[in-house]
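Each residue of the sequence shown is one higher than the one before, starting from 1 at the first, in the working numbering.
Misleading hints may appear alongside valid ones.
[Unchecked claim] List of simulated lysine-lysine pairs, DSSO-like, C-alpha gap at most 27 Å: (1) Lys-39 <-> Lys-27; (2) Lys-86 <-> Lys-36; (3) Lys-65 <-> Lys-144; (4) Lys-65 <-> Lys-75; (5) Lys-36 <-> Lys-56; (6) Lys-86 <-> Lys-75; (7) Lys-39 <-> Lys-86.
[To be verified] Pair by pair, the computed Cβ-Cβ distance ranges are: (8) Ser-143 <-> Arg-74: 47 to 55 Å; (9) Glu-165 <-> Gly-115: 22 to 30 Å; (10) Ser-34 <-> Glu-164: 40 to 48 Å; (11) Ala-66 <-> Thr-116: 35 to 43 Å.
In short, the hints are calculated from the structure, not lab data.
Note that beta-carbon positions come from the ideal geometry of N, C-alpha and C, so glycine has one too.
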Amino acid sequence: MRGGRRGRQQRSRDGEDGGPVDDIQEKVIFINRSAKVVKGGRRFSFSALVAAGDRKGNVGLGLGKAREVSEAIRKGTENARSSMRKVALRDSTIPHEVLVHFDGAQVLLRPASPGTGVIAGKTVRAVLELAGLRDVLSKSLGSKNPANVAKATLAALNQLRLREEIFTLRGLPVSAPERKTESPAGPAAAAEV
């Protein structure tokens, strides 16, 4: 079998019956193994945390549990696809800075200039890239538990609001952002006027 797991993830969901092409991609963030001791030995079960997104502003998380890894990943993928939400993006970055606490995890996201890239750890990066962000700065504070960090990242993305959206909610006219102009004499002369 060539390509391994990565090749199957990137493959489109176009079936043999000629169904529609699905552009949603998934990434397995974390797989946990737990063991239950029984009379005959140990019974293992697995949980898989999966992120799914279309790289166009929709992203979701899902947790799947099963006795086999592949079944846990399948369940997590289904949960992630059904829980996808729209995220407010400004070009290739986020509209404003946001800090979110989720249980013990804290995630700080900051907008970045074009060409910066995604500066993030592997858990935060997986969620941000599937949301379609290409330029963002992030810092994961507190707990390093992948489930809580991923949920904090998703909560941070859900808190983002575009300027136009806030203006319409408040009933204000949407106008172009005001630019500060400096006088030819410099900022000190402008302050005196």
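Whether the CB-CB distance between Glu-165 and Gly-115 falls inside 22 to 30 Å
holds (26 Å)
Could you say whether the range 47 to 55 Å given as a hint is met by the Cβ separation of Ser-143 and Arg-74?
The hint (47 to 55 Å, Cβ to Cβ) is violated, given that Ser-143 and Arg-74 are roughly 28 Å apart.
Is the Cα-Cα distance between Lys-39 and Lys-27 27 Å or less?
violated (36 Å)
Note whether the CB distance of Ala-66 and Thr-116 lies within 35 to 43 Å or breaks it.
Distance hint for Ala-66, Thr-116 holds at roughly 39 Å.
Is the hinted pair Lys-65 and Lys-144 satisfied, with a Cα-Cα distance of at most 27 Å?
Answer holds: Lys-65 to Lys-144 is near 21 Å, not above 27 Å.
Restraint status (C-alpha distance of Lys-86 to Lys-36 at most 27 Å):
Not satisfied, since the Cα-Cα distance of roughly 39 Å exceeds 27 Å.
For the pair we were handed, Lys-36 and Lys-56, check the Cα-Cα distance against 27 Å.
violated (41 Å)
Starting from Lys-65, check that the Cα of Lys-75 is at most 27 Å away, please.
Cα-Cα ~7 Å, so holds.
With respect to the beta-carbon atoms only, verify the hint that Ser-34 and Glu-164 lie 40 to 48 Å apart.
holds (46 Å)
Verify the proposed pairing of Lys-86 with Lys-75, using a straight-line Cα cut of 27 Å.
holds (22 Å)
Within a Cα-Cα threshold of 27 Å, do Lys-39 and Lys-86 meet the stated pairing?
Violated: Lys-39 and Lys-86 sit about 48 Å apart, past 27 Å.
Against the hints set out earlier in the document, violations occur for numbers 1, 2, 5, 7, 8.
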